Amino acid sequence: MSIITIKDLYKTYNSSQVPVHALNGVDLSFEEGEFAAIVGPSGSGKTTLLNIIGGLDDPNRGQIIIDGTEVNKLSKSEKIDFRLHHIGFIFQAYNLIPVLTARENIEFILELQGVPKGKRRKRSTELLQAVGIPEKADIRPRQLSGGQQQRIAVARALASRPRFILADEPTANLDSASAENLLSIMEDLNEKEKTTFIFSTHDSRVVNMARRVVMLEDGKIKSDETTQQEAFSE
Amino acid sequence: MSIPKEKTSGGTPGVMKIAWRNLWRNKRRTIITVSSIFFGVIFSAIMGSMQEGSYQKMIENVVRFYAGHAQIQHVKYPDQESINNSFVPSDSLMASLNKVDEIEEVVPRLESFALASSGQKTEGIMVMGVDPDKEDRMTELSTKVIEGNYFQKDGALVGKELAGNLGLDVGDTLVMISQGYHGVSAFGQYQVKGIFSHPNPELNRRLVYMPLPEAQYFFQAFGNVTSLALVGASQKAMNKALPEIRSMINNDRVLRTWQEMFPAVLQQIESDRATALIMKLILYLVIGFGILGTVVMMMAERQHEFSVMVAVGMHRSKLALMLLMEILWIGVLGVISGFLGTMPVVSWFVNHPIPITGQAGEWMKNIGFEPYMFFAWDVGVFLQQVLVVFILTTLVSFYPFIRAFKISPVVSVKN
Chain A
1 MSIITIKDLY
11 KTYNSSQVPV
21 HALNGVDLSF
31 EEGEFAAIVG
41 PSGSGKTTLL
51 NIIGGLDDPN
61 RGQIIIDGTE
71 VNKLSKSEKI
81 DFRLHHIGFI
91 FQAYNLIPVL
101 TARENIEFIL
111 ELQGVPKGKR
121 RKRSTELLQA
131 VGIPEKADIR
141 PRQLSGGQQQ
151 RIAVARALAS
161 RPRFILADEP
171 TANLDSASAE
181 NLLSIMEDLN
191 EKEKTTFIFS
201 THDSRVVNMA
211 RRVVMLEDGK
221 IKSDETTQQE
231 AFSE
Chain B
1 MSIPKEKTSG
11 GTPGVMKIAW
21 RNLWRNKRRT
31 IITVSSIFFG
41 VIFSAIMGSM
51 QEGSYQKMIE
61 NVVRFYAGHA
71 QIQHVKYPDQ
81 ESINNSFVPS
91 DSLMASLNKV
101 DEIEEVVPRL
111 ESFALASSGQ
121 KTEGIMVMGV
131 DPDKEDRMTE
141 LSTKVIEGNY
151 FQKDGALVGK
161 ELAGNLGLDV
171 GDTLVMISQG
181 YHGVSAFGQY
191 QVKGIFSHPN
201 PELNRRLVYM
211 PLPEAQYFFQ
221 AFGNVTSLAL
231 VGASQKAMNK
241 ALPEIRSMIN
251 NDRVLRTWQE
261 MFPAVLQQIE
271 SDRATALIMK
281 LILYLVIGFG
291 ILGTVVMMMA
301 ERQHEFSVMV
311 AVGMHRSKLA
321 LMLLMEILWI
331 GVLGVISGFL
341 GTMPVVSWFV
351 NHPIPITGQA
361 GEWMKNIGFE
371 PYMFFAWDVG
381 VFLQQVLVVF
391 ILTTLVSFYP
401 FIRAFKISPV
411 VSVKN
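Taken in order, these protein sequences are the chains called A and B.
Per UniProt numbering, numbering of the first sequence is gapless, rising by one per residue and ending at 234.
Per UniProt numbering, numbering of the second sequence is gapless, rising by one per residue and ending at 415.
The set of hints was computed from the structure by calculation and includes no laboratory data.
Any given hint could be a false lead.
[Stated by the list, open to error] Computed from the model, here is a short list of chain A residues facing chain B with C-beta under 8 Å:
1) Tyr10
2) Val18
3) Asn51
4) Ile80
5) Phe89
6) Leu144
[Claimed, not checked] FRET-style restraints, in silico, Cβ to Cβ:
7) B:Val286 with A:Asn173: 16 to 24 Å
8) A:Pro98 with B:Phe39: 24 to 32 Å
9) B:Arg21 with A:Glu193: 29 to 37 Å
10) B:Ala300 with A:Gln17: 47 to 55 Å
11) B:Ala276 with A:Gln17: 54 to 62 Å
12) B:Gly293 with A:Lys222: 49 to 57 Å
13) A:His202 with B:Arg21: 32 to 40 Å
14) A:Asp58 with B:Gly380: 47 to 55 Å
On a predicted model such as this, the values are computed, not experimentally measured, just so you know.
Think of the CB as a built atom: it goes at the ideal place given N, C-alpha and C, for glycine as much as any other residue.
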């Protein structure tokens with residue numbers, strides 16, 4: 001069953017002298033529980049597509065339907081609520097809140113949702129265990145390594161049990177070992193929590209692990225393949 | 001299936017916590033900003049306490065040395081201060097006034113003018129008939145007697161300069177002539193019981209005190225007074241009692257507060273307050289721009305972080321609240337530390353007024369003021385700082401508040 005349906009999506013940036021057509025008629029859908037990677041060269045429209053799916057940006061034309069809700073028709077405030085309750089974000093630069101501890105960062109989303117303290121504590125403990133660094137619960141981000149910060153970011157993204165997670169180049173700033181470790185954690189969580197993961201990436205390790213690879217070029221889908229983990233090589 | 005649109009309701013305690021912690025991300029900057037408020041509060045509160053101390057002393061001079069907190073007079077007396085506009089206070093009025101808890105003293109007086117002679121010298125004078133005991137309790141007149149003794153039933157007390165001008169000493173006879181009640185001729189001679197020195201030089205030059213019955217006899221105004229001065233436990237107590245007192249007097253009498261009798265004093269205080277307020281506003285304006293500078297930097301540095309917060313589901317209103325709290329925290333810290341710094345200083349000077357020496361001190365004495373810089377504990381002074389800092393921080397908050405609503409979550413994805 002499709003959790004995300006994208007129909008005839010167009011996005012043009014007019015900020016420079018020449019209009020840039022970032023998305024040029026994209027049609028796509030994602031099923032529940034997918035572990036998918038969107039790949040393509042720089043400027044192919046990967047991040048723009050992710051932004052629009054996540055309700056961070058608006059398309060010029062087309063529809064994004066998530067579980068029956070046309071996201072691009074929501075008001076700004078409704079989009080924020082929508083993101084809070086249904087989407088998890090993992091950023092390339094981790095983007096943890098520096099003044100909060102690892103645990104508080106995980107609980108931040110839950111606190112915004114108004115989840116009671118006891119439940120928040122239970123969920124954060126569970127996720128700290130899942131990402132393998134329960135001993136770092138009370139440490140602030142600057143005292144964590146890049147890999148550890150990204151694990152906390154993954155835990156934060158999963159905290160509210162969102163329907164899907166959008167991860168933009170999640171391994172770009174990590175060394176090989178940390179990247180592989182993180183990917184295996186995400187894959188594990190994908191299987192255990194049945195959360196849909198959609199990556200935008202250049203990283204072959206991510207692509208190799210993805211069960212579906214969508215290739216974008218010049219804002220259009222060049223290929224869309226359901227793969228085995230070893231199918232892609234850069 | 002459609003996605004339910006949950007409403008977010010939580011997060012405010014977390015926002016407060018984040019706001020507090022954010023303050024200490026750049027300790028030096030926060031300390032400098034808080035310090036600017038700290039020094040502003042100290043300067044402003046000490047200046048305010050000094051001003052209020054001076055005003056209180058000025059008011060005390062008016063109230064305690066002459067007017068009382070209020071006076072009951074004949075209805076025509078304010079327009080024409082003549083002995084013909086005196087009145088006989090009824091026993092029932094006196095009894096009623098004495099029953100008012102807020103009134104400490106009811107001091108009767110009969111005031112008019114006369115010509116005073118001694119030998120070949122004559123001076124125009126003001127005669128004030130007073131109840132010696134009550135007057136002493138109100139104005140501490142006996143402490144101002146520098147030669148001779150305080151009077152009881154007869155005789156007169158003469159101002160220092162007047163005595164000098166007329167060549168009078170204690171025990172000499174003062175001859176007075178005047179027009180009495182409703183035009184009768186008034187003539188009398190009185191022994192000088194004492195010579196007083198009043199802080200007000202005009203009173204030293206012109207004033208003669210007499211026991212009230214003697215003055216009433218002199219002016220042939222038996223039982224009459226020109227005023228009943230009322231002294232309350234405090235201004236606040238008197239303000240509370242004024243309606244009750246008004247209800248006791250008939251249409252031929254009028255109740256006048258010291259503010260109504262001496263509007264110039266009040267105007268001087270108000271004008272001085274306004275000048276000081278302008279100075280304080282300039283000071284706080286400078287501090288305000290300092291805080292604004294901090295806030296502008298803070299916003300610029302954390303633009304990306306704010307985008308992330310909005311991206312993951314924090315409403316812009318909550319973000320604005322967080323920024324507002326950060327600024328309020330700065331204000332609260334500045335005010336509290338400022339108060340802690342001010343209190344010992346003001347406390348010391350309330351008990352140890354600063355003496356003014358030299359020509360300035362002499363000048364103050366000449367115009368009837370004690371040569372000291374007085375301080376006062378005035379809650380209003382401290383509340384004013386709270387209010388000003390609150391307004392200041394609220395105004396400064398507009399910038400991040402408006403910016404918060406323009407934060408784009410798109411920025412968060414790429415960094």
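Against the structure, the hints come out as follows:
1. Tyr10: At 17 Å from the nearest chain B Cβ, tyrosine 10 of chain A fails the 8 Å test, so the hint is violated.
2. Val18: At 20 Å from the nearest chain B Cβ, valine 18 of chain A fails the 8 Å test, so the hint is violated.
3. Asn51: Where the cut-off is 8 Å and the nearest Cβ of chain B is about 6 Å from asparagine 51 of chain A, the hint holds.
4. Ile80: With a closest approach of 5 Å, the isoleucine 80 of chain A hint holds.
5. Phe89: At about 6 Å, which falls below the 8 Å cut-off, the nearest Cβ of chain B leaves the hint on phenylalanine 89 of chain A intact, so it holds.
6. Leu144: It is violated, given that the least Cβ distance between leucine 144 of chain A and chain B is near 17 Å, above 8 Å.
7. B:Val286 with A:Asn173: 16 to 24 Å: Violated - the Cβ-Cβ distance for valine 286 of chain B and asparagine 173 of chain A, about 44 Å, lies outside 16 to 24 Å.
8. A:Pro98 with B:Phe39: 24 to 32 Å: holds (30 Å)
9. B:Arg21 with A:Glu193: 29 to 37 Å: holds (30 Å)
10. B:Ala300 with A:Gln17: 47 to 55 Å: violated (27 Å)
11. B:Ala276 with A:Gln17: 54 to 62 Å: Taking Cβ atoms as reference, alanine 276 of chain B and glutamine 17 of chain A lie about 58 Å apart, which means the hint holds.
12. B:Gly293 with A:Lys222: 49 to 57 Å: holds (51 Å)
13. A:His202 with B:Arg21: 32 to 40 Å: holds (35 Å)
14. A:Asp58 with B:Gly380: 47 to 55 Å: Because 54 Å falls inside the window, the suggested range holds.
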